[in-house]
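Number of protein chains: 2
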Amino acid sequence: MLVPVPGATTSGRWCGRCVTTVRRLASRHLLCHGGTALAGRVPAGGRRPGVAAVACPIPVCSGCAAPLGAGAGSQPAPGRPRRPGLCVPRCDRRRPSVAAAHLRRRTSGKWHTHPPEVLPLTVGEMDVQLAPPVRDALIQAVEAGDTGFAGPQSTARYARAFRRLAQHRWGWDGAREADCHAVPDIMRGLVGLVEVLTRQGDAVVVNTPAYPDYFGALEERGGRIVEAPLSAAQRLDPDTLDTAFQAAAHSSSQALYLLCSPHNPTGTVHRRDELEHVAALARRYGVRVIADEAHALITWGGARFTPYLSVSGSPTALALQSPAKAFNLGGLNGALAIAGEEATDVLARLSAVMPHGRSHLAGIAHCAAMAEGEPWLDALLAGLEENRRLLQHLLHTDLPAVKYAPPDGTIYAWIDCRPLQWQDDPAELFLTHGRVAVISGRPYRTGGDGHVRLNMATTPELLAEAVRRMAHTARRCPG
Amino acid sequence: MLVPVPGATTSGRWCGRCVTTVRRLASRHLLCHGGTALAGRVPAGGRRPGVAAVACPIPVCSGCAAPLGAGAGSQPAPGRPRRPGLCVPRCDRRRPSVAAAHLRRRTSGKWHTHPPEVLPLTVGEMDVQLAPPVRDALIQAVEAGDTGFAGPQSTARYARAFRRLAQHRWGWDGAREADCHAVPDIMRGLVGLVEVLTRQGDAVVVNTPAYPDYFGALEERGGRIVEAPLSAAQRLDPDTLDTAFQAAAHSSSQALYLLCSPHNPTGTVHRRDELEHVAALARRYGVRVIADEAHALITWGGARFTPYLSVSGSPTALALQSPAKAFNLGGLNGALAIAGEEATDVLARLSAVMPHGRSHLAGIAHCAAMAEGEPWLDALLAGLEENRRLLQHLLHTDLPAVKYAPPDGTIYAWIDCRPLQWQDDPAELFLTHGRVAVISGRPYRTGGDGHVRLNMATTPELLAEAVRRMAHTARRCPG
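Line by line, the protein sequences are chains A and P.
The letter at position 56 of the first sequence is residue 47 when you use this note's numbering, and the numbering goes up by one with no holes.
The letter at position 368 of the second sequence is residue 359 when you use this note's numbering, and the numbering goes up by one with no holes.
With the rest of the complex left out, here is chain A:
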């Protein structure tokens, strides 16, 4: 949830005064009274019984422009325009309570893996409410008892909704219905494709640092990981890819390249020219490309997502797409496997068990998201864009030693803590001494050591509190 304050510059950057405001609110009202007082509210007027008055402008909800903590039914202040942002919880007229109170009521892994005093910015959940069309579609289905099995029409509906979204969002006219196959989720789709395409011991090229679950899933199926580390600027490195493709093709009946686009954890959004180079290399060495495009909908600023199958020279490739990440539907799985023009035979060979994991209710939610969720998505992206800037400012001020390049996509910040010169894993130290949970970079293999992945899809208050705790850890643990 974004909290723009009067005086913030129109460019979306945070002035020092605003950042101070957010930081003070975080420390005084949300988390610091015993560590568990997450439900604290800042009433209109900036005062709260028993707590010193906040001597700074009163933040307003970026969506409805009502003062934070205003009760049910509050209306936008006259003359204040609506602004998009990560403010969905507070803007939901039916539940206009403070976001943090919502979050602790959730029962998902993010909020219940650690003790309540730990602030979790870990797995890919977002601290937002569901997009209203998604919420409404789900409630309607639940009320109607529409919880049976997904049928053939579900796949067709899903594919059509995705195709329309892709046309509108990226100007891509691909993903015809016949090229799509509904799969339970991105990872199961990926494993299914790998099973169809490779034999025991075949190489899979992966850009590191990489999502750790790739390694387990591929290796237990006999896949041999060939690392192709990203460049120092966290971009695809043509020479490294060339070498990796050559080695992989040389030692495999069918070598694969698992392209993560946009890249998790670095947030790199690959440019079209980079992907065209990938396609040329793949063709040269006979490497089959599978693109995991789970974060396709989460890019901002000048970065523009390019569907790999829209790149010339990609007809034998396959892509995996899902709106789950962008619409916070990790617990309601679903995805599409999409084949390039010369790869449709691969989909026909997918496991007979694949349909069993598909959730009809997830299909309903995903279709609603793709068909009607774009305004909500745009607001989300604007909020994420401001969050990445806020995080940059906070880290620069409170924890200047670490290195952080604001990403162009995904919900993650990839933070290089090596300048702190810690012997131990930074994620462990942050958890032990700061009571803030982030993901350790170590399992991401090459390029991951000394890094942490921080999920910044949260409120600015919690983001500020996280940095405060990380800075506290740095003071407690000199390198």
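Just so you know, these hints were derived from the structure itself, not from any lab.
Backbone N, C-alpha and C define an ideal beta-carbon position, used for all residues, glycine too.
Do not rely on the hints blindly, as some may be mistaken.
[What the hints assert, rightly or not] Part of the chain P face toward chain A, derived, beta carbon under 8 Å:
#1 Ile130
#2 Gly136
#3 Gln158
#4 His159
#5 Pro175
#6 Met178
#7 Ala208
#8 Ala270
#9 Leu320
#10 Asn324
[As the list claims (entries may be wrong)] For each label pair, taking beta carbons as the anchor points, the in silico distance ranges come out as:
#11 P:Arg226 <-> A:Asp204: 29 to 37 Å
#12 P:His241 <-> A:Gly207: 29 to 37 Å
#13 A:Ala147 <-> P:Gly207: 17 to 25 Å
#14 P:Gln131 <-> A:Ser222: 44 to 52 Å
#15 P:Glu363 <-> A:Glu108: 41 to 49 Å
#16 P:Asp415 <-> A:Arg155: 37 to 45 Å
#17 P:Gln144 <-> A:Glu267: 40 to 48 Å
#18 P:Pro143 <-> A:Pro229: 26 to 34 Å
#19 P:Arg275 <-> A:Gln237: 50 to 58 Å
#20 A:Pro106 <-> P:Pro106: 50 to 58 Å
#21 A:Thr234 <-> P:Glu363: 57 to 65 Å
#22 A:Arg409 <-> P:His241: 57 to 65 Å
#23 A:Glu333 <-> P:Pro143: 53 to 61 Å
Starting from the known structure of chain A, fit chain P onto it as the hints suggest.
For chain P alone, kept in the frame of chain A given last:
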């Protein structure tokens, strides 16, 4: 939805007059006017504009005792006791409309695989509304945006809820938390266990007729099916099992026995003594038992479900359990793999991808069902029990040539159409000539040819209409 009428005997059997009533209602009001008028209502008083009055007692909703078609907010008639039954849609005070109108609004496979004039009694969905605790838990989670990932706590919560249910329902004190592993659904759990336990070409003993998806799932993973047909009475046959176990063990590094309990499609509920014999045989031949207990909660009358892991001599076995079938949550998948005392190591070796298919929202629904859904389940079972008797009566009257033994469990009727002496598949003829969709028995292998599986978890009106259409088919297609 059951429709008991005044004059029905207290034993639950249907007198001739009541059956006539249901049949007339079905043909006049629900489906017969153009084939798509599923939303027809029978107003209080038995008259409907433009339709002849129903010259028989007015049916009442078995749950709230209000006349069928009564509007919102109707109260139970004074002096009429509440009776359980498959009446959940009509008893839902927030949506007291006629069930059939609900059903056509569903978007699941059952209701949208065929054209609208076809009456579908196919896949394992039930024509009921969700149990109120399940509905409420889902709506609460959706409103709270609790759609993130399932965490370790979710598994623990799920296992505890199942253990309490198993204790209460079957007096079974097993399924300790440490013996349980959450899996995405029964079939994915089954395939995962088979992957861990067997090598290419190992035998899997299956009682036929058997759920067709078993064959595809097992064979594509290199499993070799050894059939052990049920007896003529559709029960486990000790001699057949002995022969099959011996053959399977002889030719495998690890032979498996996939026990379907209760058995789909026949509805056989295996007795404890039968399962003890299975355990003794399995021990003798070193065959590992995996029990698919998807329908465990759906038994009635004198039949009592026996968890296979509660049988003496089953410590190396594994079971798969889920409340999805009994609570109509096929589109919101989830299940538990449960290990016998000497099989917990198997769970630790399950695929690393397994957690990716797990739906957090499904976990919330399943836990609510197991913790608070028993009263609803009891009403459902009473309704299903009456439906199987109604079906028996209808078939005896309108289609006496077919053979049907009312099952003790599951939601299916397994109907032997061989006496009709058709050359073609009965399911195809019923669909083509009667516009009623049932599942062909042919893919169930031995014992399946000439049979159909009919899903009887529907309203008595639709059940009556289905039999009317089947009888019409028999008249059109003499053998």
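Right, here's what the structure says about each hint:
1. Ile130: 6 Å, holds
2. Gly136: Check passed: Cβ of P:Gly136 comes within 4 Å of chain A, closer than 8 Å.
3. Gln158: Interface hint status for P:Gln158: violated (23 Å vs cutoff 8 Å).
4. His159: 23 Å, violated
5. Pro175: 5 Å, holds
6. Met178: 4 Å, holds
7. Ala208: 5 Å, holds
8. Ala270: At 28 Å from the nearest chain A Cβ, P:Ala270 fails the 8 Å test, so the hint is violated.
9. Leu320: 5 Å, holds
10. Asn324: The hint holds - P:Asn324 has a Cβ within 8 Å of chain A, the shortest such distance being about 6 Å.
11. P:Arg226 <-> A:Asp204: 29 to 37 Å: 45 Å, violated
12. P:His241 <-> A:Gly207: 29 to 37 Å: 36 Å, holds
13. A:Ala147 <-> P:Gly207: 17 to 25 Å: Given range 17 to 25 Å: holds, Cβ gap about 22 Å.
14. P:Gln131 <-> A:Ser222: 44 to 52 Å: 47 Å, holds
15. P:Glu363 <-> A:Glu108: 41 to 49 Å: Cβ of P:Glu363 to Cβ of A:Glu108: about 31 Å, so the range 41 to 49 Å is violated.
16. P:Asp415 <-> A:Arg155: 37 to 45 Å: 41 Å, holds
17. P:Gln144 <-> A:Glu267: 40 to 48 Å: 46 Å, holds
18. P:Pro143 <-> A:Pro229: 26 to 34 Å: With Cβ atoms ~41 Å apart, the hint is violated.
19. P:Arg275 <-> A:Gln237: 50 to 58 Å: 56 Å, holds
20. A:Pro106 <-> P:Pro106: 50 to 58 Å: 56 Å, holds
21. A:Thr234 <-> P:Glu363: 57 to 65 Å: The hint (57 to 65 Å, Cβ to Cβ) holds, given that A:Thr234 and P:Glu363 are roughly 59 Å apart.
22. A:Arg409 <-> P:His241: 57 to 65 Å: 60 Å, holds
23. A:Glu333 <-> P:Pro143: 53 to 61 Å: 43 Å Cβ-Cβ, so the 53 to 61 Å window is violated.
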